[in-house]
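*Asks:* Fit chain B to the supplied structure of chain U, relying on the hints for placement.
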Amino acid sequence: MDIAIIVGLDIISGIASLLLISAGLAVIFGMMKIINLAHGEFLMLGAYTTVLSVSAGVNIWLAMLVISPVVVGLFGVIVERCLIQFLYGRLVDTMLATWGLSLVIVGATTMIFGNTIVGVASPLGGFSVGQYQTSLYTPFLAVMAILLMVLIWAVMRFTRAGLIARAVMQNPEMAATLGVNPAKVYMATFGAGAAISGLAGGLLAPVAGIVPTMGAAYIAKAFITVVGGGTSILWGLISASGLFGFINQIAAFLTTPVFGEVILFISAVILIRLLPLGISGKFFKGRL
Amino acid sequence: MILEVNELRSGYGRIPILMGATLNVAEGEFLGILGHNGMGKTTLMKTLMGHLPATGGTVNFAGQDVTNLKPHQRSGVGLGLVPQGRQIFADLTVHENLRMGMAGQSNEDPAFMDDVISLFPRLQRLMDRRGGALSGGEQQLLALARCLCSRPKLMLLDEPTEGIQPSILEEIVETLLVLQSRGLSLILVEQNLEFIGALSSRVLTIQKGVIAGEMSPQDLKNPDVVAQFVGMTAE
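The listed protein sequences derive, respectively, from chains U and B.
If you read the first sequence in this note's numbering, its first letter stands for residue 1, the second for the next number, and so on.
If you read the second sequence in this note's numbering, its first letter stands for residue 1, the second for the next number, and so on.
Next up, chain U with everything else stripped away, as it sits in the complex (with noise of 0.2 Å):
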């Protein structure tokens, strides 16, 4: 009994940590049909923001939910204005120019803070369950990813400016002929997606090993979630990363962590041989 408890919350944890990853992807891909490849280095940017303001002795809650998503945010502005902009319905340029600018950034951040790992103590304790010792930041973790989906389909369903992205997604230029200025949209949203890593690499500081190159590790997952997903924001971020944090955890508890990961990837080539335009191109079509 303890034992499932055990996996169903490492399940959870999966589920949570590849939709907190892969959410500002998500929006990115879904809004603007670019791949950001610069995305691991914005979690990164996100997790050195926490651990930076942490160390300067700033309440680590303030960090990750309001400093970090801020930071990088801004960031994807800039990058949006000094690069992307000039890119648009290129999606190859935009994955190289993305790929260019990951290198970069990596580069930087090495030269600043040296190839050494830091870190940033949890902030909360752990609970025990039967024998296991587990941490509450788990499902912690699992509350934010559920709060971040809520907010985005809140964001998008309620609010002038979400009926706005929603039409430029649909038809850029009948929403300009409506004088709406697609640009600036397209910045808005970048910035955006942005924050939304910041957000998330801040969360993931307390129980990653922050490197500069840790991007990395993360954007392959992201970028099989967004591509197995679709370009429907929410339902396909929410069904691939349920299908694939699951089939990641299951396998990972059966065999070994590694091999988890090598079954989540060979599951991913199947699902998109199957599913070309991905799950919510099958599933969820116009929806959100």
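Be aware that a few hints might be false.
[Unchecked claim] In silico lysine-lysine, DSS-like type, Cα no more than 25 Å apart, as pairs:
{"no.": "1", "chain 1": "U", "residue 1": "K33", "chain 2": "U", "residue 2": "K184"}
{"no.": "2", "chain 1": "B", "residue 1": "K70", "chain 2": "U", "residue 2": "K184"}
{"no.": "3", "chain 1": "U", "residue 1": "K33", "chain 2": "B", "residue 2": "K221"}
If you're looking for bench data, these hints aren't it; they were derived computationally from the structure.
*Replies:* Leaving out everything else, chain B in the frame of chain U:
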């Protein structure tokens, strides 16, 4: 003149379509432009709205040179386009489509929207329906209403009769006449002779990317004149 177009040229990539179109629209006028497929009607509309860059010539709108403005900026100064194929946001509700008509304004104005909707009784009971679930005719009404929500001074209509059932066609004619009587200027490009004749006070013909001639709406009833101007037979 609310719109003065002088020697306007544009096209797709290196392929020129508009070869120097010149036309004027007076304040409150309903101008029809008649032409075959492939003569440059839609290209003219897209260039006037700014979706295609002008490669030559000028566009003056309400006393301002708008030749190099982006589409959203043209919308801001009072140009409205009801595009070919209607371009309804299929996954937004009818109400949300109308709200998008106000997306360029700093605030939504529900009273103004109600005023617009009152012109389209058929839309009133469809407000919560998905735009994509509407019939072609209903979508056309929605496209007109949505454009009106952006408070245009001049409305460009690109083949609104395409794929519309006749019953709604009459409604569209009546609504457009009401709009004109309220002082709105309109340009209608069409190949439906009856529709363009019922609405326009003046009809220009477009051939091979230039304005080839001018007719009175009465001339449209004379097959010989039409054949001479557009190379088109009135069946």
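*Asks:* Going through the numbered hints above, which ones does this structure break? Give me the numbers in ascending order.
*Replies:* Result: hint 3 breaks, nothing else.
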